[in-house]
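**Student:** The primary structure of each chain is shown beneath.
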Amino acid sequence: MKSKLTRRRFIKGVIFSGAAATTGTGIYLAANAQSGQSAAERLVTLNINGRERRVDVLPMETLANTLRYKLNMTGTKIGCNRGECGACTVLIDGVPNYACSVLTQNVKDKAIVSIEGVKETDGTLHAVQQAFIAENAPQCGFCTPGQVMSAVALLNSNPRPTKTEAAAAMSGNLCRCGAYEHYLNGVMRASGQLA
Amino acid sequence: MSTHIGKDFTPPDIAGKVTGEIKYAEDYKREGMVFARLLTSPMPSGRVVSIDTSEALRMDGVIGVFTADDLPPVPPPGNPALASEYVTYVGQPILAVAAITEEIAESAIDKIRIDFERRDFVVDPLESLSPGGSNAYPEGNVLVRTREEGPEGAPIVGAEIRDIKWPQSAIDAIKSGSEPVGGEFTTEWAFGDLDAGFADAAQIIEEPFVTIGYPHHSLEARTGMAYWENGKCYFHGSSQSQSANNAGLARMLGIDLADLVFINEATGGGFGSKIGPYPFMAITGNFARVLNRPVQLRITREQEFYIGSARSGMQGWIKVGVKENGKVSAVDLVIVNDGGATGGGSGNSSAQHVTVAYQPENMRYRGISVYTNTTPRGAQRGPGQNEMAAVLAPMTDKAAKAVGMDRVAFRKVNVLDSNGFQGGSQGPVTSAFVREALDQGARTFGWDEKLALPKQNGSKVRGVGVGIGYHGAGGRGYDGLVRIAPDGRLHIHSGVGNLGTYSYAGTCRAAAEALQVPWERCEIVHGRSDKHLPHSSGQGGSNTIFTHTRTNWVAAQDAITKLKEIAATDLGGTADDYVIGDERVYNSSDSSIGLTYAQAAQRAMELGGKYSGQEYPDDINPLTQLAVQGLAGSGLIGVAKDNIPGQGQPPGVVVGFCEIEMDKDTGKFEILDYTAIADCGTVVHPKNFDNAMRGGAVWGVGLASLERHVYDPQNGLPANTGLYQNKPPTYLDVNTNTKMGGVNIPDPQNPTGGRGIGEPTQGASAAALSSAIADALDGHLFNTAPTTTDMIVNHLAGNTYSTKSLKTNTF
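Listed in order, the protein sequences are those of chains A and B.
For the first sequence, our numbering gives the first residue as 346, with consecutive numbering after it.
For the second sequence, our numbering gives the first residue as 70, with consecutive numbering after it.
The set of hints was computed from the structure by calculation and includes no laboratory data.
Here the structure is a predicted model, which means the values were calculated and not measured.
Incorrect hints may appear among the rest.
Claimed, not checked - The calculated EDC-like cross-link candidates involving lysine to aspartate or glutamate, where the alpha carbons are at most 16 angstroms apart (straight line), are:
no.	chain 1	residue 1	chain 2	residue 2
1	B	Lys796	B	Asp859
2	B	Lys467	B	Glu393
3	A	Lys464	B	Glu90
4	B	Lys392	B	Glu298
5	B	Lys796	A	Glu429
6	B	Lys392	B	Glu275
7	B	Lys98	B	Glu334
8	B	Lys388	B	Glu430
9	B	Lys234	B	Glu196
10	A	Lys415	B	Asp96
11	A	Lys415	B	Glu675
12	A	Lys455	A	Asp438
13	B	Lys244	B	Glu196
14	B	Lys301	B	Asp328
15	A	Lys508	B	Asp802
16	B	Lys92	A	Glu461
17	B	Lys796	B	Glu371
18	A	Lys415	A	Glu461
19	A	Lys453	A	Glu510
20	B	Lys98	B	Glu171
21	A	Lys415	B	Glu100
Can you make the complete structure from the sequences, with help from the hints?
**Tutor:** Right, here's the structure in full:
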């Protein structure tokens, strides 16, 4: 049976039911303990960056956790783990999502692209990545993988966005260093609108 | 002509940032690694009566518990890594639990029982100073720096907590915008004759002000991972700095400098909160030693709010006397700092900003820093200076108007120049060209043209503002280290951290410039101390460009001297007969007589001694000595302490110009234009200069209009621990078509001409925005930072809302 439970909906449910929980991980463990799911049920196949990856996934495990701690794909960053910052953005069937707010069990049949899957297999950087370098866009770089993912998704759906459209599309990605203008210029450059 | 300085280049780590391949502390794993999590205080103030960990320790997978008893005691007013008897803020770490998985560690935390006794708490400094007000600590409410005469007359500098109360009349006075007569202060300085200065004034401006602290919220929470091997501690830390961590962290771990390997390839933001080793690092390293296993201690976003530091707040009063010609004749300034749980404030730095903006003929500053049961406070981007800039700018506009002067012209009359001073000691500066920056900015922005435009447009109103940001921008006396390898390549060893400014790389250009080596033949060595890194400044205080272009320059000069000496030894003549160029050292009268850098490096290894690092100068730091020892025999070593003569503090100054359009129905405003011009000497790396300027401009919007602590005054609980609630600016809150520039006049005390600029970028933006908000509202002064939309709309609605209560942390 496919679960329609998102992590946020689950957390909301716990809060409304009056259960005490101090952190997201605590909730996650409690839910996993109650799942009764066998190891065989937890073993799932994920389509990540065009490759099939088999991984043991707990019922309430987030995609960000699976990527970082099960598959050692540490390019996806966890900045807040509460759906606020966008550092963990990945594409699911081409749509940008916060991987901290997606349950891995819910994306078994989806195509997932993480930052590790953006450049070409021969190592050539994606146009967005090249443009971000040209614009010296990253500062500390912690939000950058998420910014790249949102920019890639934007240009896939809107190859020549205005700067205003780009700002709206990227506004789910915080940059505490404040490099917004450079990222936007990078989007403009990657879309061929900035020489 | 410069081949590297003032030219763009691609920092070597930027590709790793766009691909996600660069590693932050949390991205490292180690075989056998266990996961530690923190148990934190649920209350703002209390006493830990007992801790029962027995149930947690019985859980499968739990490896151990670490408490304050496992660390050396830290008596007040220190900031302990783990609370022992008293807790003084919500979120204060009390203990750590390690387990084989994070989930088990989290679950074990829930099994630990702690009995607390509640204590009274306080979240507002003026409340604590009031008669009968609560104290944040059992010992008192004020941090006092002490200075006693020690053995042989050497001063012993310390700190203590004291209980200080003001008479109610002083509390009432400052809240109503008057001098708090009778209030006790812990810091005071003055110069000139204040009474005479006010007597000379044609106009006097007297205002209260309040600025509210807010968290750094670095996007990478301060995770660490440590393990011990072969008697050494390997520590993956999240830090703005590199070498500046080693000595302090080694002390925390009780080990020799040589036994610590600090690893920090990249860090996810710091903004002042990760300049040096922070107390929390002691848990990770010592826990790993106790368990004899690698320990990763990862904290949550909420915990980063709690222990990730925050800007201190201010409640203050200022009186400014202005002569008819616009010159500020006198300033009297009082600042009560909100020091949070760590007690320190930055009032003196705020006063320093006033000296730079006004160069007053006479001035007095009085300050006191009060503990509150809120999060620890520390340096945050232009601490003191920037929040002062935000509230001072509209007052400056009022002063200019009072004497009938244009606001830019008023600033030009008063601001710092090369013959000016900064701070209460009136110390000199290396150079300053702020008037030139104001002229350049006014031209670029179109100041006169914008002033001439109509202000009203239906329900919208335009506001135009100008502001100045300032911070000291450089230090002296650190070390540089370069190595010419046997293949002739130049290895520039940098102990500067990588917090995202790329100045670790930009400063290395000075060595390449001096030795005239193409950039593609250079290699920057950085990121972990076992790569043999020199003693470097903390990566904060806008200092790196000035400080470490100089260190790399002097190291390169040492290498050049050695190249010439080796050539003279092998080829005849004296060292003075030789020059360098094209990666060769050769006789100035016959360029065919010479050695390539590769050949000279080979000869350095054969000659040994000082040429290849077996000997080194006596005055270099012990950390640099270790680095040279590690490199000895591997090439030609250039190493030196920065002893370049000179005096004065290099200033970093930015002037900002802002245009907004405000909706008078909602109080919301849009930033239509922002222009900023820096006075930071020669711009060393133009692309990165732009990024620093724009990033700081975004920070200024947060300081002036969005970000603040909010505590529930009834229970002392923080209301905005997350990112959205705290509201750092997003893409949609800022202008993304800004114009940035620099005066670009070289500083005479830096061979490359550069000074730093990181912090004033924010102050200028905050000041210009505050000035524009006031201008849009016909000069109304909120005297607060931030000035939020709700304050604006209440003012527009004619409500009785007033900031004169000087409430902070609550509203």
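**Student:** Please work out if Lys453/A and Glu510/A have their alpha carbons no farther apart than 16 angstroms.
**Tutor:** Violated: Lys453/A and Glu510/A sit about 32 angstroms apart, past 16 angstroms.
**Student:** Between Lys455/A and Asp438/A, does the CA-CA distance stay at or below 16 angstroms?
**Tutor:** Since the Cα atoms of Lys455/A and Asp438/A sit roughly 6 angstroms apart, the hinted pair holds (cutoff 16 angstroms).
**Student:** Under the criterion that the straight-line Cα-Cα distance not exceed 16 angstroms, is the pair Lys92/B, Glu461/A satisfied?
**Tutor:** This hinted pair holds, its Cα atoms lying about 13 angstroms apart.
**Student:** For the pair supplied as a hint, Lys415/A and Glu461/A, is the alpha-carbon distance within the 16 angstroms limit?
**Tutor:** 15 angstroms, holds
**Student:** Would the hint linking Lys467/B and Glu393/B be met if the CA-CA limit is 16 angstroms?
**Tutor:** 14 angstroms, holds
**Student:** Given the hinted pair Lys98/B and Glu334/B, is their alpha-carbon gap at most 16 angstroms?
**Tutor:** 15 angstroms, holds
**Student:** Run the distance test for Lys796/B versus Glu429/A: straight-line Cα separation, threshold 16 angstroms.
**Tutor:** Since the Cα atoms of Lys796/B and Glu429/A sit roughly 10 angstroms apart, the hinted pair holds (cutoff 16 angstroms).
**Student:** Lys415/A and Asp96/B were given as a pair; does the straight-line alpha-carbon distance stay at or below 16 angstroms?
**Tutor:** Given that 16 angstroms is the threshold and the Cα spacing comes to 12 angstroms, the pair holds.
**Student:** Can you confirm whether the C-alpha distance between Lys508/A and Asp802/B stays at or below 16 angstroms?
**Tutor:** Satisfied, since the Cα-Cα distance of roughly 14 angstroms is no more than 16 angstroms.
**Student:** Assess, step by step, whether the Cα of Lys244/B is no farther than 16 angstroms from the Cα of Glu196/B, and give holds or violated.
**Tutor:** 11 angstroms, holds
**Student:** Could you grab the alpha-carbon distance between Lys388/B and Glu430/B and see if it respects the 16 angstroms cut-off?
**Tutor:** 14 angstroms, holds
**Student:** Tell me if the straight-line CA distance from Lys392/B to Glu298/B falls inside 16 angstroms.
**Tutor:** 68 angstroms, violated
Comparing the model with each numbered hint stated earlier shows that hints 4, 11, 19 do not hold.
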